[in-house]
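Novice: Just so you know, the sequences run in chain order U and A. The first sequence maps to residues 1 to 166 in this note's numbering. The second sequence maps to residues 1001 to 1724 in this note's numbering.
Take the hints with a grain of salt, since some may be wrong.
To be verified - Each pair of labels, with its calculated beta carbon distance range:
id, chain 1, residue 1, chain 2, residue 2, range
1, A, ASP1500, U, GLY30, 41 to 47 Å
2, U, ALA150, A, SER1165, 52 to 58 Å
3, A, ALA1156, U, ALA66, 55 to 61 Å
4, U, ARG53, A, SER1222, 25 to 31 Å
Don't read these hints as lab results, they were simulated from the structure. Beta carbons: idealized from backbone N, C-alpha and C, even for Gly.
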Amino acid sequence: MFKLKINGEEHDFDADADTPLLWLLRDELGLTGTKFGCGAGLCGACTVLIEGRPARSCVLPVAAAAGKSIVTIEGLARDKSHPVQQAWIQENVPQCGYCQSGMILSAVALLERIPEPTDADIDAEITNICRCGTYNRVRKAIQVAAKRGAEGSGSGAGPGSGSGAG
Amino acid sequence: MLNASVPLISRREFLQTAASVGGLALSLDLYGQEAGFGPPRAPLPPRSPAAFISIGTDDVITIVTPAVEMGQGGHTAMPMIIMEELGGSWQKLHVVDAPPAAIYNNPFFGQQSTVGSFSVRGWYNELRRIGAAARMMLIQAAAEKWKAHESECSAAASLIVHTPSGRKCSFGSVAKRAGALPVPQHPVLKPREAYSLIGTSPPRVDVPDKVDGSARYGIDVSLPGMLYAAVKTCPTLGGSLKSFDDSAAKSGSGYHATVALPDGVVAVARSYWQARKALDRIGVEYNRGALAGLDSAKVSARLHEGFGKPGDKARQDGDVESALARAAKTHEALYEVPYLAHACMEPMNCTAVVRGESCEVWCGTQSPQDVQSAAARVLKIPPSQVKVNVQYLGGGFGRRGAGDFVEQAVTAAKAVEGRPVKLIWSREEDIQHDTYRPAAAIHFRGGLDGAGSLIALECKVVTASAPSFGRPGGPPFYTEAVATANYAIPNFHVTGVNQDIGVRFGFWRSVNDSHNPFMFEGFIDELAYLAGQDPYQFRRALLKDQPQTRVNAHRQLAVMDLVAQKADWQHAPAGHAFGIAAFEGFGSFIATVAEVSVSAHRVTLHRVISAIDCGVAVHPDNIKAQLEGGMVYGLTAALRGEITLENGAVMQSNFNDYPMLMMGEMPRTECYIVPSSAPPGGVGEPGTGPIAPALANAIHAATGQRLRSLPLTRHQLDFAVTRT
């Protein structure tokens, strides 16, 4: 039995210890915003935030995530109000959208750590694959969200800074 | 929301119309630009608006779109076209995917497939007529209610207004009455200058659900009692299942069943991870089949063998041999490209449940009717017994037109009849069992006269496999972007040879235009240097009005001029070099300039400038997104895209050895749209082809090194970008 705090709620899982967190989120909790892309930690479609840091849930056994606080795309804000989500909508970033949950959470973590990232920071921290080629819009949206964060009241663009659970 | 709506026209009429439209299906003709592509051939009545539009008493307008959403913007562009004529409020829009039915067959080619950048260009006229017919029906219903004349009424923002009296009513209040009226046989379209939606860029309707995880893709389907399935098939392409031993799998947690496929096995379990673990424990023996001895060197050798075959004539202008014999300068070269995988971000998957003689399927697909027939084939039932629920596609790029994953899921569902099964491929299965972009090669011979004019060009196009369709007697499909070139060349021969190697192939974003322009525009560049001319000016001369020039050459010239102007072609920054490429494809015209600098073996890409003339630009912001996205798809392949074979098996398996372009490699881009009132062309695919030749031509301009095969990083080159 493994105990995880996901989007602010405690959950108990009875699963094999090697089960990747990804499949518990998707198949047990129905949190399907976290995507399966490669199963090898290469593409970032499965990115979640663990203690505020981006992690690739497809290669993270539940045993290693036990006791940690996890935020998925569904936990970012209840009403798409997170500054990063708002920037994504404003810039019409997604195309197929499949990688975008991971992109957004990676951007949230980046902005939490570096509120005004340079291009080099974005290059280094956003290592998610987008097959539709939305990279330049992702970059632009991160800068828009950063600008809003800088202009805002200071709580920045961290997870849960919208009205949802964090 | 759909439940709250009433169809504009009764269900019965929809079904009758659907049946009658089925008989109008046109044959697939990808060379139809001259042969009838464009407006519908006859002033047929519009297809029944009820199949496309329903308006609720709450004024919600539900648009049924025959184009699925795979990122290309179909769920936004298709409703825009209807709503423009309908006069509906964009804020009241709800979009749903069309179920499989003949009434949703693309007017251009008679199939319900979201392929070939055909959605807007195939549906533009028909969706406007449907929207206009519905608007006229709503107005008639309101006018009858008011006992007023229809000509005194207008519709906009989901309201019908009687101008003389100022009376107003909402669409929803008269939708039911309108639905009972006959469909106008000759709907009156708005004049272009009255457009308020087409040509603007409203927010994409699918975006909000794609920022909070609520968008539902095929892989996200969840049903009561659902089981999960993992699959592995023979690593050797074309192999088959010999035997399997699942005794070690049965003790695993959650194990439910093992299902044999013609070429592999499926493990079914209570959860996907349990299915994956069970699959690993199933020992499988395969018959390796006819391709067991195939490797990449043999593929290449087979392509080269093709140069010695006579081939099929694709273009036969003038007399190349005598022109070459009298040419002042001649040149020949051989270009080659490898197999490629699609690598959609969402691995192939399908959910199915079989109940007796019927079946229900959920998946992201580019071809709902093909899903229906794939399931029907497995179950030996009529396609009408298969219900298909189209989901969002996590990328399509041509891969999701195939039915292989559907057949597997339905086979598994049949084995556990009554329970839904969600079958998901591993990324490894996806890379190693794709429908590959074929390897191909072209041998060119060209000749210049004493003034440096191109007087002779011979192109022998060899492909490792190709579909058989195309206009009978017309040019082979795979010679597109070579045989269809707009350049004025008095003696110009193109032949095609299909060296079918037996590797499963498919349409890969932009199909032939994904690689033929690399080879053709590369050789044109070589000829420019041979002539001692600037490569841009050399192309200009070939596009300027001359007797041999195709009528569309001026549109290709305009996009090329635009990118050259934006690049400031004559004044490359110190140490930088430009490369250019342009062509016509998918009913659009595209040109790209790449700006590079090269130091030692490092190529730095500074900037990519693209321009398109796609006729009427329905949603300019999305067109730019598609240009940029297509460029990334093409750049990824140009730099390092390569599927290699050994012993009949694909040697790549995941993103570690089939790497994708990443954020840190994304160049600065500029995208431009040439204003046009021509019928819409395609936008999803044209952006893919020009980057490889533009980049290779720029590398030549910088170094003198001519790169004639892809991927470019095979030529001992590193790659970087800079944004300063």
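Novice: Hint by hint, say whether it matches the structure.
Specialist: Taking the hints in turn, this is what the structure says about them:
no. : hint                              : in the structure
1   : A:ASP1500 to U:GLY30: 41 to 47 Å  : 46 Å, holds
2   : U:ALA150 to A:SER1165: 52 to 58 Å : 55 Å, holds
3   : A:ALA1156 to U:ALA66: 55 to 61 Å  : 59 Å, holds
4   : U:ARG53 to A:SER1222: 25 to 31 Å  : 29 Å, holds
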